[in-house]
Each structure stands twice: as C-alpha cells, then as structure tokens.
Amino acid sequence: MPITRGFKGRQTETVGARDRVPPGQYVTRDFPVLTAGPTQRTPLESWSLSLQRGGELISRWSWIEFKALPQTERTTDIHCVTKWTKLDTQWRGVTFDDVVKAAGLSSAPNLYVMAHCDGGYTTNLPVVDLVDGKAMIATHFDDMPIPATHGGPARLLVPHLYFWKSAKWVRRLEFMEANTPGFWESMGYHIYGDPWREQRYTNDA
Amino acid sequence: MNNATRTMPDTFPLSGDWQSATVAAFRDETPSVKTIAFAVSQWTGHLAGQHVDIRLTGEDGYQAERSYSIASPGGTAALIELTVERISDGEVSPFLTDGLALGDTIELRGPIGGYFTWKPENPSPLLLVAGGSGVVPLMSILRTRNKCANRVPGRLLYSSRRFEDIIYREELDRFAASDNSFSIVHTLTRGAPTAWRGETRRVDTQMLAKYALPTAQKPRIFVCGPTLFVETVADQLLALGHQETGIKTERFGPTGEKR
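Same order as they appear, the protein sequences are chains L and P.
Counted from 1, the first sequence has number 54 at position 55 by numbering that gives the first Met the number 0; the numbering is strictly sequential.
Counted from 1, the second sequence has number 15 at position 16 by numbering that gives the first Met the number 0; the numbering is strictly sequential.
Errors might be hidden in some of the hints.
[To be verified] Calculated Cβ distances over 12 Å to all of chain P for the following chain L residues:
#1 Arg4
#2 Gln39
#3 Pro69
#4 Glu72
#5 Asp97
#6 Ala101
#7 Trp183
[To be verified] Taking lysine-lysine pairs in the DSS-like style, the calculated list, with each CA pair at most 30 Å apart, reads:
#8 Lys33(P) - Lys82(L)
#9 Lys82(L) - Lys133(L)
#10 Lys82(L) - Lys118(P)
#11 Lys33(P) - Lys7(L)
Read the hints as simulated data drawn from the structure, not as lab findings.
Glycine included, each C-beta is placed from N, C-alpha and C at the ideal position.
Please build the complete structure, drawing on both the sequences and the hints.
In structure tokens, the structure reads:
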C-alpha cells in the first residue's frame, strides 16, 4: 500500500477494539445524523407499520398494537458508510422474526424485502439478513424513544450491514421476488453493503 | 402515509477504484480553510455536489479514510479541488491542511453520491443554503452554473461565524456582481465588521421567509452545513411551504449527543 508521507494518524479510539472496526472506519462517540432530506415527523396517532407481499397487504399494526408485540433488547456496533463506527449502541424493539410471526406467517414468502419509509426513502434487503434475530424494528435507543433525527418513532436495525440499510422512519416492509435496488442502492451505493468487505459503492466486489 | 418518491437523477458518474492523487496547488481560503488541488490520472468526470473518498496510510500500515466534497465545477477536468476546514482535534483534516506539500500523493476515489447533485439542464431556480464549510459542494454547483450560457435564477444564503471565515468570498462577490440572476445573502453569527450590510444572526424562519425564493417558483433547494444548522433550515423551509421532494440536504459534524 502506498505510504502517505508524514501521516501518522491517531488510532487511539480503536485501541482494544481493532477487531470490531471494519476497514476504512473510525470510531466516534458522537451519533452523527445523515439524511438525504428533511427529518420526518409522523405523529404516533397516524403511524402504522405494514407488512406486504408485493402490493398485497398481509398485516398492519397501529402504534399501540406494535408496542404490544414481544420486545427484544440488543447491544451492537453500527457502521455508517460515511466512515464512522459507533460501538456498543443499545436498542430495543421488535425483531423481524416476531413481526413475521405476528402476521401469522410461518416463514417469509419471498427472498427479498423493500423497506419503505416516510419521506419516500427505500432500501432493499435479503430476507436471510433479517431473520434469526439479525434485524429488528427499533423503537428505543439508550432506553429512550428514538428521536426523530435518528429515525424515530421506528427504524430498521440491521447492524451487520452499513447503516443506510437500517432505514429511518420505516412504515412498510414489502416482500419482493427480485432484489430491486432501493434509494441509495440506485445512487451509486452497493446493493448489499457489508462493512467487513468494504462494500460501499456500486462496483465494489 | 407519504408515498412521495424522491426524484432520481437519470445518470451520474459512478465511483472508480482507488487511485493516486498528486497535490498540484494550494490556496488559503480563510485562516482555517484551505483548498487543495489534486491531479488524478483517471477521472471520468463528476457532477456538481458529488464527493470523493481519500485514504491516508501511515508507515506502520495504519489507514484513515474520509469523505470530502468536491469544490471544483462538475465536468471532466483532471484537477480535483477539495476545500478542507482544519478541525483542530481532527485526525485527517490538520494533516491535509498543514501536512501536505506540493507533489505529495494520497489515495483518492470517486466521484461518489448520486443524489446531492445538480445538472445545468435542471430548469428549476436554485436556492442554496450553506452553513460554514457546507458551502463547498454548493460552490461546485455555482461554479458549474457560472459556466453555463443560460443560467437559472439562483440565490445563496450563507451563514459564517465571522467575516474572515467566509469561504470563497471574493469569487462569490464576482459571481453576484456579474450576474443579475444570482444573489448572495451573507449572515454572520459571531460579530460583524462596521459597515457590514448583511445579516448578523443565525438563519431562522424570518430570514428564510425573507430570502428563500418564493414557493410558487418551486426552487430546487440544496442545504449543506453542520447537523443542527441543516435540521433547522430544512424544518423551516417545510414550514414555509417548500416541497419536501425539492429539498436535498447534506449534514456533517458532531450532533453533541455523546455518551
């Protein structure tokens, strides 16, 4: 690799955590806010989460109904494609598995999901990356309701992929047959987004 | 539920692989901001508003990567200008502004990002709102616009701390002086020189109501700056009735939510 003359870097933040920081990432204690447009603020009274197969509705939960689903807590590291990694973030919400179960499905009907959000944001995910406890619809961060700037009242949490996949303000999960690109995936970012393989942009291996 | 689909650009350049970039020129913009021109060998061109990733490697193999907005106009020029603000406790920016010499090389890849971009063909009037070094990608848009024969109306509302912190001040003044369809409103948040004719407070609803282009013109709006600045401006633009799908934002810097 080409050495940059005179560059030393700091490295202090990653001491003891090097194996938890994917290539090209740095550790921050802050919680940066990245969004392509204005922050969405949907009142809880008009919020709902829908599960769909293509255009067909499978199930829908109001905020009250959604809060009554089984709650799962999770502490995990998160990795944003803009290079920051935040360690040991604490979340609470409903796992994707529990959402599927609550809809009366024995398993996911298709291989892929498109997450649709307030404001028109979308992101595509393989079902295999959502099941077996790998993903949740999170409503709490650090034991507090997630602030709107960070995607509240509810956002996806898929922490083993770059954080643009953990869509803010999620409202609809649509099962789909093909792996159709979502918003950033159509704008030069990788279709899958594994931080450990540094799959940041469209043509990355 | 809001089913608005964000406008997708028809085409935009995709990122290439890492390549060597050689420091070709420096320009001091303000006491804490410097523009660095890098010569790159493989550049298929970029759109105004796109950014690049840079990678620095220490002798021990330690690497740091960061993203920086491109300041130079969209196009295929092989000289890419980045404007970098020195963050005193930063790991990378002090090295870029103070540690590089002419002829040094770093690694660079890009261009990146297909959303916060502007093309001269877009017929909508342009409203640009910048906080501090958030002006950099907006300057790429203005420089691109300035090269066009037929220019859409444009306005820049630009918040800086002090007079001496205004990045690109003279070039922006030249744009405004030579172009009736472009205007700048400066605001200074930490004191102004005597005889200052701009605004002297943080951007707020009243300021946006006064200077944002009329909603009826359906301007294409780009907002870039520190997180809280962008949050405030985007919320107020919505409150003033601007279309959500017309507002593109880019936030950077700390949110103060440390734990």
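Minimum Cβ-Cβ distance from glutamine 39(L) to chain P exceeds 12 Å: violated, 8 Å
Proposed proximity, lysine 118(P) with lysine 82(L) (alpha carbon, max 30 Å): The hint holds at about 27 Å.
Beyond 12 Å from every chain P Cβ - status for glutamate 72(L): holds, 17 Å
Alanine 101(L) remote from chain P - nearest C-beta pair above 12 Å: holds, 20 Å
No chain P beta carbon within 12 Å of proline 69(L)'s: The assertion about proline 69(L) holds, with a minimum of 25 Å to chain P.
Interface exclusion of tryptophan 183(L) relative to chain P, criterion Cβ beyond 12 Å: violated, 8 Å
Pair hint outcome, lysine 33(P) versus lysine 82(L) [Cα-Cα no greater than 30 Å]: Given pair lysine 33(P), lysine 82(L) holds - Cα atoms ~22 Å apart, limit 30 Å.
Pairwise hint evaluation, lysine 133(L) against lysine 82(L), where the allowed Cα distance is 30 Å at most: Answer holds: lysine 82(L) to lysine 133(L) is near 22 Å, not above 30 Å.
Given pair status - lysine 7(L), lysine 33(P), alpha carbons within 30 Å: Holds, at about 20 Å.
Least C-beta distance from arginine 4(L) to chain P larger than 12 Å: Non-interface label on arginine 4(L) violated, nearest chain P Cβ at 5 Å vs cutoff 12 Å.
Assertion that aspartate 97(L) lies farther than 12 Å from chain P (Cβ): holds, 22 Å
The structure does not agree with the numbered hints 1, 2 and 7 stated previously, though it agrees with the rest.
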